[in-house]
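Asks: In case you want the letters, here they are:
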Amino acid sequence: AQSVTQLDSQVPVFEEAPVELRCNYSSSVSVYLFWYVQYPNQGLQLLLKYLSGSTLVKGINGFEAEFNKSQTSFHLRKPSVHISDTAEYFCAVTRGGTSYGKLTFGQGTILTVHP
Amino acid sequence: EAQVTQNPRYLITVTGKKLTVTCSQNMNHEYMSWYRQDPGLGLRQIYYSMNVEVTDKGDVPEGYKVSRKEKRNFPLILESPSPNQTSLYFCASSLGKGSGSNYGYTFGSGTRLTVV
Numbered sequence: 001a002q003s004v005t006q007l008d009s010q011v012p013v014f015e016e017a018p019v020e021l022r023c024n025y026s027s028s029v030s031v032y033l034f035w036y037v038q039y040p041n042q043g044l045q046l047l048l049k050y051l052s053g054s055t056l057v058k059g060i061n062g063f064e065a066e067f068n069k070s071q072t073s074f075h076l077r078k079p080s081v082h083i084s085d086t087a088e089y090f091c092a093v094t095r096g097g098t099s100y101g102k103l104t105f106g107q108g109t110i111l112t113v114h115p
Numbered sequence: 001e002a003q004v005t006q007n008p009r010y011l012i013t014v015t016g017k018k019l020t021v022t023c024s025q026n027m028n029h030e031y032m033s034w035y036r037q038d039p040g041l042g043l044r045q046i047y048y049s050m051n052v053e054v055t056d057k058g059d060v061p062e063g064y065k066v067s068r069k070e071k072r073n074f075p076l077i078l079e080s081p082s083p084n085q086t087s088l089y090f091c092a093s094s095l096g097k098g099s100g101s102n103y104g105y106t107f108g109s110g111t112r113l114t115v116v
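The listed protein sequences derive, respectively, from chains A and B.
Position one of the first sequence corresponds to residue 1 (my numbering), numbered consecutively onward.
Position one of the second sequence corresponds to residue 1 (my numbering), numbered consecutively onward.
If you're looking for bench data, these hints aren't it; they were derived computationally from the structure.
Glycine included, every Cβ here is placed at the ideal spot set by N, Cα and C.
Some hints could be false.
Straight-line C-alpha distance at most 27 Å; calculated BS3-like pairs for lysine-lysine [stated by the list, open to error]:
#1 B:Lys57 to B:Lys18
#2 A:Lys49 to B:Lys71
#3 A:Lys49 to B:Lys18
Output of the computed footprint for chain A on chain B, the stretches with three or more beta carbons under 8 Å from beta carbons of chain A [as the list claims (entries may be wrong)]:
#4 39-52
#5 56-65
#6 76-82
The shape of chain B in the complex, shown without the other chains (with noise of 0.2 Å):
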């Protein structure tokens, strides 16, 4: 089944404890990316990539960090979890502009973090 995968799906730690958010998809797109969801701000970009070894910011990328080493892994880090970035995070992947593609994003379960 073609999907986008997520782990974990629910996390609390505390401040200062250095985290990996892992995601991996199957269907050998090109593109993905982080999103974080909060109330009443809907989904906000953290990090693109555009293919291995290559990323950018999104719309709110401090105190994040991304790689891309392989085309189907996308890990979110971060370094020093605060409680401001206690959310719902969304990985997400796409085929981008290739001819045939449906060009939309497919979105992984989402990850509960809560940092205390």
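Just chain A, same shape as in the assembly (with noise of 0.2 Å):
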């Protein structure tokens, strides 16, 4: 079985500092991995993945995301945050093969930008 755990509920942070959201899974499998964003009121848009290759991924809006197998970590990150970064963040993780269809998500993390 597979499973996301999202280390922080909530992250707020000001304007123009840099900001980490922890992710961190479980699975017996390689994997496959995702960070969503939600902003409010809408659906979920996909900011980054990973599915092999380097373990930095640099996605959309800034935001890069480090694979680290040996501590099976997934955490993101922006050096600069803007007050639209506000939103809700959600960490996937998949298998491949025919377990592709089964996208299991974290909690969720709240990030808060203030000015």
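The task is to assemble the complex, starting from two chains supplied on their own in separate frames and drawing on the hints.
Replies: As structure tokens, this is what we get:
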């Protein structure tokens, strides 16, 4: 079975400060990892994904994430946040092959950027 | 425009009255999936489908049914809704593991269901 734990339910930060949203996963096999963002009253939008290769993944809106297999983590970072980054962020994991369809999400982290 | 379309956006119904939430995608995606979102619990998968006539249970399938008779449509059926199914529901689709795929899921705008 696979699972995802987002270690912080809420992260407050000031504008232009750096931010890290933490995500740990558990799976006995190789995984594919994703970060999604949900703005208020909207659906989910894919920020970035790790499939294979380089462990540092760059996504949209200046976000990046680092896959760490030994620590089973996939933390999301941004060096300087903007007010418009205020949203809920979800980490998700799936396995390849016939299990691709089973996508498991974490509980979400609400990022609030203060002026 | 490539998109996943859910209907209705909002629905209030009474306990026990059968309902269907429709989901349609225009991207020729193989994979489709239904999630429910509840505060503090994130998104939990209800059912997913790998292709026409191929479906499997997610983490919270009880009280729900799905069917995939056409590639573009994946309706969610609540045969006898109960108040604990009050939630925000999302449909999503993905091309899957084919070459050139972006491997991610595209989500619909959501259906807010209230069962009284």
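Asks: Checking against the hints above, which ones are violated?
Replies: 3, 6
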